[in-house]
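Colleague: Listed below, chain by chain, are the residues.
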Amino acid sequence: MKARTKPVLTISELLVERGGNVILDVPELILSAGEVLAVIGPNGAGKTTLLTAVLGLQKSISKGSVARGGLSFPGTPPHLYRRGFAMVFQDSLLFNGTVSENVASGLKIRGFGRSAIKKTVSEQLERFGIAALRDRRAHSLSGGEAQRVSLARALATSPEILLLDEPFASLDTPTRESILDDLEMALSGSDTAVMLVTHDRVEALRLADSVIVLAKGRILQRGETIDVLRRPANEFVASFAGTETVVAGRVVRSGGGLVVVSASGVEIEAAGDAHKGQRVAVCIRPENIVVSTGTRSRTSARNSFAGRIVRLLPMAHFHKAVIDCGFPLVAYITHHSIEEMGLREGGRVHVSFKATSVHLIKKER
Amino acid sequence: MDLIVNGIKEAFRLIVTLDTEVLSVTLLSLQISGSATLISLVIGVSTGTAVALSEFPGKRLVASVINTGMGLPPVVVGLFVTIFIWRNGPFGFLGILYTPAAMVLAQAIIATPIVTGISFAAIQQLPDKLRLQILSLGATRAQMVWMLMREARLPLLAAVMAGFGGVISEIGASIMVGGNIKGYTRVLTTATVMETSRGNFDVAIALGIILLMLTFAINYILTSIQQKGGR
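If you read the protein sequences in the order shown, they are chains C and B.
So in this note's numbering, the last one in the first sequence is 365, and the numbering has no gaps at all.
So in this note's numbering, the last one in the second sequence is 1231, and the numbering has no gaps at all.
No lab work stands behind these hints: they were computed from the structure.
Check each hint, because a few of them may be wrong.
[Said to hold, decoys possible] Here are some chain B residues the structure puts well away from chain C; computed CB gaps all over 12 Å: (1) Gly1034; (2) Leu1135; (3) Tyr1184.
[To be verified] Some chain C residues judged to face chain B by a derived CB distance under 8 Å, without partners named: (4) His79; (5) Arg83; (6) Met87.
Values in this document were obtained by computation on a predicted structure and should not be read as measured data.
Built from N, CA and C at the ideal position, the CB exists for glycine as well.
Using the sequences provided together with the hints, build the complete structure.
Modeller: Structure, rendered in structure tokens:
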């Protein structure tokens, strides 16, 4: 882990309004050199607006400013302010011309000399595995190739901050994986800070050190990626972070690092502490649930319930099971286990999960 | 029938032997319409681009006005230019009525909305994010406009060709403000009308063929550039 202390981007009191509606309201956000920050949130949350505002491309900034290094916007000539950034969109938006010309465009804009451009372009083409395409027309490339060119074009200018607006969303899985590998390699050991807008939690986990969850233009939670996914601050973040099960309950006992919550007529144990009577939302991630048949499971898990499978939905790598055990509990079960245990909708099962796998969101009243 | 066959024979003789009269008329046509197109190119491409790239209330109205201008009847343009540069008109002091300058002016007025309208559409059809992409690469506004024009170069070229095609074949305004003076303001279209009315079909056909060939050459160049760009 690099020491990430030098701030490269500072957002202060940023307010973007359009037609009287608040599109984005970010009181403070600091990005350090080398940090990779994922921005997740539903459609219309203001994710792209945040990126364009950071880049000084947002016309409707009502208040506040963004600063890159010592240059703040508004205040600095826009093109000079922007020259520390690079951006890659979901569409590769390549220019008419060859692959090399595209990768060179940012340097050409900055007035670099021919030999310097040639050297940097070659490095970037190698880095993204597209050296063989250098003389191809950019508009004749496949989606994956084009996105590699777009990334190479962005990194050719050695930006302080790289802005990625869902750059992998329209790629097939193998292509996305291989480009992610190349990007990770390119970023490792560099001081370039990254803001990555994504819908994909896996992508966020893989690339980002920290994450912010945006909704209706406001930051609901910021923290280390794994932390936000495991311990969402509220029910909205929980649903967005893939916590499939969220049940409302009330604390009935607490002590010794263990909280007992009564929810939907059953008692659920969670690690932590809370005062009696506290209203909470119980969050259980689907991958932390063990499903078994036959007698009650022999695990050390503190929570064990009998239930009935209500729905069984096949997904890419596992089945998603909705199990009624007093409350609807969602669990992920491998295809192999489904076959082995002969699970089917309507079948009876036992579910268990550890107290440490339960996250409690405490409510105000 | 003989009339046509002899006419065509004579026409080819005039063209092949580079008849001075025909040649001078052709060159003057090219000069006047070329100059007018150049003026319309400067005004039209910049106006079309500016309107396409800016957001202001009434943009739709401005676009509609430009598009209407694309179909401006040359006779109406000729009429108004004549009135304006008439001896005691507002610009009468310029003394340019019945000169090539007046023809360039009138033709530029006809071609400019055509070039503007097509340029506007050319820039407008580029993806909006392309502008953001260029700016994110650190471009100044001028660099951004230049790069967008490069991206739209094929339709912009079409705009120029359409402008030139419109004025080289135009007659109403040219005859009104130019007066069809031999060796001075006589161009392909005005000469064709005059020779036809005099019954000199051979010369008229020769001029007609030259005009057709010019139009064909323009479209051929345009089409081949488009085909090359589309590959």
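Colleague: Each hint needs a verdict: does it hold in this structure or not?
Modeller: Each hint, compared with the structure:
1. For Gly1034 of chain B, the shortest C-beta to C-beta distance to chain C comes to about 27 Å, beyond the 12 Å cut-off, and the non-interface label holds.
2. Distance check for Leu1135 of chain B against chain C: the nearest CB is about 6 Å away, which does not clear 12 Å, and the non-interface claim fails.
3. For Tyr1184 of chain B, the non-interface assignment is confirmed: its Cβ lies about 44 Å from the closest Cβ of chain C, beyond the 12 Å cut-off.
4. Interface restraint check: His79 of chain C against chain B, minimum CB-CB distance 5 Å, threshold 8 Å, status holds.
5. At a threshold of 8 Å, the smallest CB-CB gap from Arg83 of chain C to chain B is about 4 Å, leaving the interface hint in force.
6. About 4 Å separates the beta-carbon of Met87 of chain C from the nearest beta-carbon of chain B, less than 8 Å, and the hint is met.
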